[in-house]
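Chemist: Sequence:
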Amino acid sequence: MNTIFRKSMLSVAGLAFAGGVFAGPIAAHANPVDSKPVAVAVQSAAPKPQGDQSRISLNDEQTANVKAIIAATKKAGLPERAAVISIATSLQESKLENLGHLGDMNDHDSLGLFQQRPSSGWGTPEQITDPEYSTTAFLKGLKQVDGWQDMALTDAAQTVQVSAYPDAYAQWEQQAADLVGQHWNS
715 MNTIFRKSML
725 SVAGLAFAGG
735 VFAGPIAAHA
745 NPVDSKPVAV
755 AVQSAAPKPQ
765 GDQSRISLND
775 EQTANVKAII
785 AATKKAGLPE
795 RAAVISIATS
805 LQESKLENLG
815 HLGDMNDHDS
825 LGLFQQRPSS
835 GWGTPEQITD
845 PEYSTTAFLK
855 GLKQVDGWQD
865 MALTDAAQTV
875 QVSAYPDAYA
885 QWEQQAADLV
895 GQHWNS
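Just so we're aligned: the sequence shown equals residues 715 to 900 in my numbering.
If you're looking for bench data, these hints aren't it; they were derived computationally from the structure.
Keep in mind it's a predicted model, so treat the numbers as computed, not measured.
Worth double-checking, as some hints may not be accurate.
In silico EDC-like links for lysine to aspartate or glutamate, alpha-carbon gap of 20 Å or less [said to hold, decoys possible]:
| no. | residue 1 | residue 2 |
| --- | --- | --- |
| 1 | Lys781 | Asp823 |
| 2 | Lys789 | Asp844 |
| 3 | Lys781 | Glu846 |
| 4 | Lys809 | Asp864 |
Computed Cβ-Cβ distance ranges for the label pairs, DEER-style [unchecked claim]:
| no. | residue 1 | residue 2 | range |
| --- | --- | --- | --- |
| 5 | Thr838 | Asp766 | 35 to 41 Å |
| 6 | Ala878 | Asn899 | 35 to 41 Å |
| 7 | Gln767 | Val876 | 20 to 26 Å |
| 8 | Glu811 | Ser833 | 19 to 25 Å |
| 9 | Glu794 | Asp823 | 29 to 35 Å |
| 10 | Gly895 | Ser833 | 32 to 38 Å |
| 11 | Asp864 | Lys789 | 21 to 27 Å |
| 12 | Gln767 | Glu794 | 16 to 22 Å |
| 13 | Gln764 | Gln896 | 30 to 36 Å |
| 14 | Ser834 | Gly861 | 29 to 35 Å |
| 15 | Asn773 | Val859 | 18 to 24 Å |
| 16 | Gly861 | Trp898 | 19 to 25 Å |
| 17 | Asp860 | Asp823 | 14 to 20 Å |
For every residue, glycine included, the Cβ atom is placed at its ideal position computed from N, Cα and C.
From just these sequences and the hints, can you work out the full model?
Modeler: Have a look at this one:
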């Protein structure tokens, strides 16, 4: 028997013995009839939502826009977290409504799900009001943010959007996560 093999076998035997010494007394006194299941907490890789959360009921158009955002995210090869950030951003910017020009109520020339502006280079009005195009444009900006996967949703969204209300995105994170969970595999 060669020396390396013998040492390996002795190491395995030693571990088995040590495991028996330490687990043996505990196992010997365990009463499986009286034992209760132990809950195990699983920690999600995504950061927890920040602050108070808002929620709205969605109509068919808004739900279709959620599905369009998810489809564009998948097409871009990005994970669910990107869809959560995109949907939360759209909830804040337009309540998931594909907004056209709002006249005097319009914020400059902002349009679409993400309130993107043609004058800022996001695309033409026709492109920006196309849910797939506007989501792809948002995701392109998101991918340029170093570490977006691990940062707070509101920080990632704000870096892309450059909003006058940078903390407003956070309030939609839970609903966005719920919507992605509901529609990602449908």
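Chemist: Identify every previously stated hint that the structure contradicts and give their numbers, smallest first.
Modeler: 1, 4, 13, 14, 15 and 17
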